[in-house]
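Q: Single-letter residue listing:
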Amino acid sequence: MIDIVQLAAFNAAYAHTIDSDALEQWPDFFTADCHYRITHIENEQQGLPAGIVYADSRAMLEDRIAALREANIFERQRYRHLIGMPMVESASADAAQAQTPFVVVRIMATGQSDVFATGVYRDRFVKVDGQLRLAERVAVCDSTVTDTLLVIPL
Amino acid sequence: MQEHTIRWPGEGLTRIPYALYSDAATAEQEQARIFRGNVWNFLCLDAEIAEPGSYRTTFAGATPVVVVRDADDEIYAFENRCAHRGALIALEKSGKAETFQCVYHAWSYNRQGDLTGVAFEKGVKGQGGMPPGFCKEEHGPRKLRIAVFCGLVFGSFSDDVPDIEDYLGPEICARIQRVLHKPVEVIGRFTQALPNNWKLYVENVKDSYHASLLHMFFTTFEINRLSQKGGVIVDASGGHHVSFSMIDPAAADSSYKDQAIRADNDRYRLKDPSLLAGFKEHDDGITLQILSVFPGFVLQQIQNCLAVRQVLPKGIESAELNWTYFGYADDTPEQRKVRLKQHNLVGPAGFISMEDGAVGGFVQRGIAGAAEMEAVVEMGGDHAGSSEGRATETSVRGFWKAYRHHMGA
Chain A
0 MIDIVQLAAF
10 NAAYAHTIDS
20 DALEQWPDFF
30 TADCHYRITH
40 IENEQQGLPA
50 GIVYADSRAM
60 LEDRIAALRE
70 ANIFERQRYR
80 HLIGMPMVES
90 ASADAAQAQT
100 PFVVVRIMAT
110 GQSDVFATGV
120 YRDRFVKVDG
130 QLRLAERVAV
140 CDSTVTDTLL
150 VIPL
Chain B
0 MQEHTIRWPG
10 EGLTRIPYAL
20 YSDAATAEQE
30 QARIFRGNVW
40 NFLCLDAEIA
50 EPGSYRTTFA
60 GATPVVVVRD
70 ADDEIYAFEN
80 RCAHRGALIA
90 LEKSGKAETF
100 QCVYHAWSYN
110 RQGDLTGVAF
120 EKGVKGQGGM
130 PPGFCKEEHG
140 PRKLRIAVFC
150 GLVFGSFSDD
160 VPDIEDYLGP
170 EICARIQRVL
180 HKPVEVIGRF
190 TQALPNNWKL
200 YVENVKDSYH
210 ASLLHMFFTT
220 FEINRLSQKG
230 GVIVDASGGH
240 HVSFSMIDPA
250 AADSSYKDQA
260 IRADNDRYRL
270 KDPSLLAGFK
280 EHDDGITLQI
290 LSVFPGFVLQ
300 QIQNCLAVRQ
310 VLPKGIESAE
320 LNWTYFGYAD
330 DTPEQRKVRL
340 KQHNLVGPAG
350 FISMEDGAVG
360 GFVQRGIAGA
370 AEMEAVVEMG
380 GDHAGSSEGR
390 ATETSVRGFW
400 KAYRHHMGA
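These protein sequence lines map, in sequence, to chains A and B.
Number 153 marks the last residue of the first sequence (numbering that gives the first Met the number 0); no jumps.
Number 408 marks the last residue of the second sequence (numbering that gives the first Met the number 0); no jumps.
Treat the hints with care, since some could be wrong.
Just the calculated beta-carbon pair ranges, DEER-fashion [unchecked claim]:
hint, chain 1, residue 1, chain 2, residue 2, range
1, B, P182, A, P100, 54 to 60 Å
2, A, R68, B, S157, 46 to 52 Å
3, A, Q24, B, A23, 47 to 53 Å
4, B, R364, A, Q24, 30 to 36 Å
5, B, S273, A, V127, 17 to 23 Å
6, A, R75, B, V375, 25 to 31 Å
To be clear, the hints were calculated from the coordinates, so they are not data collected in a lab.
The beta-carbon is built from N, C-alpha and C at its ideal position, and this holds for glycine as well.
Could you put together the complete structure from these sequences and hints?
A: Following this line, the structure appears as structure tokens:
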């Protein structure tokens, strides 16, 4: 049975991976045919399917990180994720569904720290070879506005 | 009218005073002379207010606007400002309304922006009320003229602005029709807060010179740009432009196959090239068309990735970029999926557009101590007309040509 502690531990490792710039490991939290999307609450309420990031494979997440490292131009910045307690909607031995709130503070090279995003992860977890993986993570932001640009994943 | 305070170095368009991006008096004049002047401001898509009573709130520059469809199926727009004390009339971004009522003192308006009701107009129990001479017809928010072209809803505060087709000119009209030739459906909306004056973003859109230099996604992943056939069209006013490029279909086939073969053994190849797997929807072979309408509208076709963008000033040194992603109403589910994936290219996290959200801020911060100095906009010479190559700043100069015309500068 997947329990709340396992999900919370998963999310803690997920946050640490992004916030410590181990971004090459970030796709490993997902299944090969995962869905990952960043959107906001108004699109969700209106049933609008687009995301500012829209991936339907782990390979697309790897491409995101490769682009961040090799192609995209942006000022040096990092995130601090605070991920709340998962609200478990359903759980079995090999699958779970949960909603978990997050706050992401963006720290710029200049030292400026701002709340960059808050919202809820709408998650579907599965066990793959005994390991918890995200089959789906939709980051539903509370604000419709993204400041400047989003390059590091939420 | 107050004298313009920024000194232009001459009649030419190749030197742009940096003070234009930070001067409060200039920003104030832009609101009156441009956004409330002889221009058409993009307000929304026709498809976003499809039914009688459907409305959206938006802005013409800084001025808040309500745009709404009435029972006669016509679209109306009026300032989102109660005629009483100036409060916003409509607070939501969109909705459906029979009438509009200001929350402050319950003055009410019909969908055409006419003041129809004043609470306690006759007073209460014989006390108070408006003077007998008060005439509701003489009060109301300012109304905008409306023009709908290919499903794009434009509004103007000016009675003198030319009809929309004359305003756009035949070449721009044709390029809008090329993309908006059948009903569209919105598939998402996103707003990007830009840390810079609105003009820096509009210039960026028109700047075909920067594209392959700042945006390294295509080159890094060696996504074959194939033949770079294309060009820049600038209309007679200078204010509108189209930048386009096309691929040679014969060359495309072998190159993409070649790329797929190498994809697995090269680090800098997309691991999932389905991101860019598109379908042909234009016979002219144009795979990229960026079109702008003065002052702050953009229509974008990048392969199958379609969007409109609305640039709005938010104070002097910040702006808002509203992205509306759309597909066609008759898209198959497969086509819709292609668009959703290709939208990774654009928007606030777009592989080939995210940098545009930051680079205006780099300029804004860079020019902080240089108000008396000027930008150099001389790539491709000093003219502001159409051009075959894209290593030019001709459409940036076109923007300033239109800007100086409207500003009287």
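Q: Taking the hints in turn, state whether each one holds.
A: Here is how each hint holds up against the structure:
1. B:P182 / A:P100: 54 to 60 Å: Since B:P182 and A:P100 have Cβ atoms about 38 Å apart, the given range 54 to 60 Å is violated.
2. A:R68 / B:S157: 46 to 52 Å: holds (49 Å)
3. A:Q24 / B:A23: 47 to 53 Å: holds (48 Å)
4. B:R364 / A:Q24: 30 to 36 Å: holds (34 Å)
5. B:S273 / A:V127: 17 to 23 Å: Once the Cβ atoms are compared, 22 Å apart, the range 17 to 23 Å for A:V127 and B:S273 holds.
6. A:R75 / B:V375: 25 to 31 Å: holds (28 Å)
Of the numbered hints given earlier, the model fails hint 1 alone.
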